[in-house]
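Undergrad: Residues per chain, in single letters:
2 protein chains.
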Amino acid sequence: MSRSWEANVRKVVPYVPGEQPKLPNLVKLNTNENPYPPSPAVRKVLEEMNTDDLRLYPDPAADALVDAFAEVYGLEKDQVFTGVGSDDVLAMSFLTFFNSDQPILFPDITYSFYDVWADLFRIPYKQIPLDENFVIRPEDYTIRNGGVIFPNPNAPTGVLLGREQVRSIIEANPDVVVIVDEAYIDFGGESVIDMIGTYDNLLVVQTLSKSRSLAGMRIGAAFGNAKLIAYLNDVKYSFNSYTMNRTAIAAGRAAVLDTDYFRETVEKVINTREWTKERLRELGFEFGDSMANFIFARHKSVPAEELFAELRKAGIIVRYFKKPRIDQYLRISIGTDEQMQRLIGFLKEYLA
Amino acid sequence: MSRSWEANVRKVVPYVPGEQPKLPNLVKLNTNENPYPPSPAVRKVLEEMNTDDLRLYPDPAADALVDAFAEVYGLEKDQVFTGVGSDDVLAMSFLTFFNSDQPILFPDITYSFYDVWADLFRIPYKQIPLDENFVIRPEDYTIRNGGVIFPNPNAPTGVLLGREQVRSIIEANPDVVVIVDEAYIDFGGESVIDMIGTYDNLLVVQTLSKSRSLAGMRIGAAFGNAKLIAYLNDVKYSFNSYTMNRTAIAAGRAAVLDTDYFRETVEKVINTREWTKERLRELGFEFGDSMANFIFARHKSVPAEELFAELRKAGIIVRYFKKPRIDQYLRISIGTDEQMQRLIGFLKEYLA
Numbered sequence: 001m002s003r004s005w006e007a008n009v010r011k012v013v014p015y016v017p018g019e020q021p022k023l024p025n026l027v028k029l030n031t032n033e034n035p036y037p038p039s040p041a042v043r044k045v046l047e048e049m050n051t052d053d054l055r056l057y058p059d060p061a062a063d064a065l066v067d068a069f070a071e072v073y074g075l076e077k078d079q080v081f082t083g084v085g086s087d088d089v090l091a092m093s094f095l096t097f098f099n100s101d102q103p104i105l106f107p108d109i110t111y112s113f114y115d116v117w118a119d120l121f122r123i124p125y126k127q128i129p130l131d132e133n134f135v136i137r138p139e140d141y142t143i144r145n146g147g148v149i150f151p152n153p154n155a156p157t158g159v160l161l162g163r164e165q166v167r168s169i170i171e172a173n174p175d176v177v178v179i180v181d182e183a184y185i186d187f188g189g190e191s192v193i194d195m196i197g198t199y200d201n202l203l204v205v206q207t208l209s210k211s212r213s214l215a216g217m218r219i220g221a222a223f224g225n226a227k228l229i230a231y232l233n234d235v236k237y238s239f240n241s242y243t244m245n246r247t248a249i250a251a252g253r254a255a256v257l258d259t260d261y262f263r264e265t266v267e268k269v270i271n272t273r274e275w276t277k278e279r280l281r282e283l284g285f286e287f288g289d290s291m292a293n294f295i296f297a298r299h300k301s302v303p304a305e306e307l308f309a310e311l312r313k314a315g316i317i318v319r320y321f322k323k324p325r326i327d328q329y330l331r332i333s334i335g336t337d338e339q340m341q342r343l344i345g346f347l348k349e350y351l352a
Numbered sequence: 001m002s003r004s005w006e007a008n009v010r011k012v013v014p015y016v017p018g019e020q021p022k023l024p025n026l027v028k029l030n031t032n033e034n035p036y037p038p039s040p041a042v043r044k045v046l047e048e049m050n051t052d053d054l055r056l057y058p059d060p061a062a063d064a065l066v067d068a069f070a071e072v073y074g075l076e077k078d079q080v081f082t083g084v085g086s087d088d089v090l091a092m093s094f095l096t097f098f099n100s101d102q103p104i105l106f107p108d109i110t111y112s113f114y115d116v117w118a119d120l121f122r123i124p125y126k127q128i129p130l131d132e133n134f135v136i137r138p139e140d141y142t143i144r145n146g147g148v149i150f151p152n153p154n155a156p157t158g159v160l161l162g163r164e165q166v167r168s169i170i171e172a173n174p175d176v177v178v179i180v181d182e183a184y185i186d187f188g189g190e191s192v193i194d195m196i197g198t199y200d201n202l203l204v205v206q207t208l209s210k211s212r213s214l215a216g217m218r219i220g221a222a223f224g225n226a227k228l229i230a231y232l233n234d235v236k237y238s239f240n241s242y243t244m245n246r247t248a249i250a251a252g253r254a255a256v257l258d259t260d261y262f263r264e265t266v267e268k269v270i271n272t273r274e275w276t277k278e279r280l281r282e283l284g285f286e287f288g289d290s291m292a293n294f295i296f297a298r299h300k301s302v303p304a305e306e307l308f309a310e311l312r313k314a315g316i317i318v319r320y321f322k323k324p325r326i327d328q329y330l331r332i333s334i335g336t337d338e339q340m341q342r343l344i345g346f347l348k349e350y351l352a
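Same order as they appear, the protein sequences are chains A and B.
Per my numbering: the first sequence ends with 352, consecutive numbering throughout.
Per my numbering: the second sequence ends with 352, consecutive numbering throughout.
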């Protein structure tokens, strides 16, 4: 019996998140999580937390976390915004800054939520094709638009755009907000956070999910001039003031301040990635020079869908997108050395 | 120097959250927090948490928490949805269910975010005046509409609508979704969760912020038939899959399952409220028979704004809304017995 209230329900194509299967001994290389635990300071702060205070609302400004970012990045507090993962920060930024009749621009192959948020907020958009090597061409981002957003390195390709090319996109678009989504920047790129003082239309977004091993805590941040950040805060406060809970604020602060642990962990992931690249190349895989914590690779002869299925049977989960232009690629997150050895070992045998 | 990107920024009137001042010895009765800490099980679960797992994304379905709600309320898992506080759950429900050209209906004096979310999602709405005693008249909710939402008990009035009156509103609106926002139901009302089996257009929303003392963890839930909940999940997954972090899921589960502690705490708050009502009445205050963890009261001769300011000087913070119809009222959250004695003690002296 279908009732008429269903006529007014928003019908969507639900996003299917990367699998989170609960099998033992699984090699889980499908959601770009960090293989190493978060800083020991995170454990300490949660163990020592005054849980009686959980009866009180959290600080809506998340000051303790904002302060930590400001300290570590050498910024003023009013240049920092935080949210429930970079997804929340990005969605809020779309809502705040992309209100033009002109389309916003982003790559055709990119993070899969950009078009979703644009549709959600009824923002017109135009997807700009990457070149045949999956590289963003800055000259394509000079057409009239209502804003620009791209990840750097790009996802799911891992390809990094150099600082001066990022700068050229920002400079070509002084009349709109340019968002650089640096979710993966710590694995080999160089952030443009230092440019926020120069370009008042630049917003840089980062996350603690990858390089700080805190995917489970949902913490993201945006950096920009004080005016941009104030606009973001106004919109956020206007419809949901208390988003980050007390544990997230405390754990995030601890992780951000432990810069030594952060650098060590990132270096380990980078070393493992470079080792994996060499092995994959020897096995006949082709890929751009990923600067992220994953490799986006195709095999020169074996179909990606086949490899995906066979890996799965062997208890190794990677990500496969059945989409135009990328349906011959696998996105392989960088795990521990041991996990990558299992991956390479299986592929060696399977492809032999 | 105003740049043209500012022309496309969404300009809003930012919501000003209830103050969270950090003064010692403050009597904080302004944000309806529970004066008692959360269940000891919450402390235990956070202390024993495997923080290494924080590197992994949380379960997007928050199964552990959904299971706890299902168990305690005698529901099926597919009748439960959870989110980052009831604000998140309500906003998601607006987005999912209110897509008609007809206006949605809610009271003129009610939770201050309803019109904000309606504006945000471009949902037409009509505010229905409460009667002169701040009571919802069910017969006013029979006009053509695109959906109905009201808190029960209402906020900030605390006035409860009886179950049969709630039923009459649901029955009068079979062709739209009716949302009953039960944020404060545990302090003296009776939930209509049991009616979700009878009415497929009924969605009941609750929160752990009040009766479970977890405002600091941001946990809300919605209960409805499996079809309604599936629609909600589809919309949620379509644009932000991972919202509740691992600590929230674990802490929420622990709090929901500790029903003994919950009942004890709620009873203490109710007893303190009833004591406070008597004292306030003796001091010349007038108010509806609040069934929430706050009292919405006006003094028969002293202006609310004056009382608000004087209380503040004495280190007692209550909430004052400078809005039509309610600008002679103070909303006083129920604290501990000691805190309420301080409030009454001050008022006795000031009004003498």
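No lab work stands behind these hints, which were simulated from the structure alone.
Hints are supplied without guarantee of correctness; some may be wrong.
[Unchecked claim] The list that follows gives simulated cross-link-like pairs (lysine-lysine, DSS-like), each with its CA atoms no further than 25 Å apart:
no.	chain 1	residue 1	chain 2	residue 2
1	A	Lys277	A	Lys227
2	A	Lys44	B	Lys126
3	B	Lys44	B	Lys268
4	B	Lys28	B	Lys268
5	A	Lys227	B	Lys227
6	B	Lys300	B	Lys11
7	B	Lys300	B	Lys323
8	B	Lys313	B	Lys277
9	B	Lys77	A	Lys11
10	A	Lys11	B	Lys227
11	B	Lys300	A	Lys77
12	A	Lys227	A	Lys322
13	A	Lys11	A	Lys268
14	A	Lys300	A	Lys313
15	B	Lys277	B	Lys323
Just so you know, these numbers come straight off a predicted model, no measurement behind them.
Undergrad: Tell me, in ascending order, the numbers of any earlier hints that this structure violates.
TA: 1, 2, 5, 6, 11, 12 and 13
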